[in-house]
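Engineer: Sequence:
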Amino acid sequence: MEHELAKQLIDARSDKDLAQLSASQQESLATCQAAHQRLEAFNDFSHARYQDIQRRFRSHTATLVEMKRDLDQVFRTLSKVKSKLAQKYPDQMAVVESKYPRPVLNDE
Numbered sequence: 001m002e003h004e005l006a007k008q009l010i011d012a013r014s015d016k017d018l019a020q021l022s023a024s025q026q027e028s029l030a031t032c033q034a035a036h037q038r039l040e041a042f043n044d045f046s047h048a049r050y051q052d053i054q055r056r057f058r059s060h061t062a063t064l065v066e067m068k069r070d071l072d073q074v075f076r077t078l079s080k081v082k083s084k085l086a087q088k089y090p091d092q093m094a095v096v097e098s099k100y101p102r103p104v105l106n107d108e
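Under full-length UniProt numbering, the letters of the sequence shown match residues 1 to 108, in that order.
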């Protein structure tokens, strides 16, 4: 019975229809393979760009960390100098601070 059903299905299609179906499948396969190749090329390109950008990002991050460390050191040094000046010249520092008040910083 199974063989009869398979034979009926095969006989229901003409050779022309089967050739057309096969050609359509081959065309679909070629399209999928071409799309796959393009996607692989794009992924390779994206990976290379990501690696380059990641390297640059790490370099810039290291530069910023170093700059912050340097600026912190400069501010600590300035604070020490101001403190010593305030101890040595309290009257003049009071005049300077009244003329140039410290800015209010919002640490958000």
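Note that these hints are calculated values from the structure, not bench results. Please read all numbers here as calculations on a predicted model, not as lab measurements. Honestly, I wouldn't trust all of these hints.
The following label-pair restraints were derived from C-beta to C-beta distances [what the hints assert, rightly or not]:
1) Gln26 <-> Ile53: 37 to 45 Å
2) Leu105 <-> Ala35: 50 to 58 Å
3) Lys68 <-> Pro101: 52 to 60 Å
Cβ coordinates follow ideal geometry from the N, Cα and C atoms, glycine included.
Engineer: Look at each hint and say if it fits the structure.
Structural biologist: A quick look at each hint next to the structure:
1. Gln26 <-> Ile53: 37 to 45 Å: The hint (37 to 45 Å, Cβ to Cβ) holds, given that glutamine 26 and isoleucine 53 are roughly 40 Å apart.
2. Leu105 <-> Ala35: 50 to 58 Å: Holds, at about 55 Å.
3. Lys68 <-> Pro101: 52 to 60 Å: violated (26 Å)
The structure fails to meet hint 3 from the earlier list, while all remaining hints are met.
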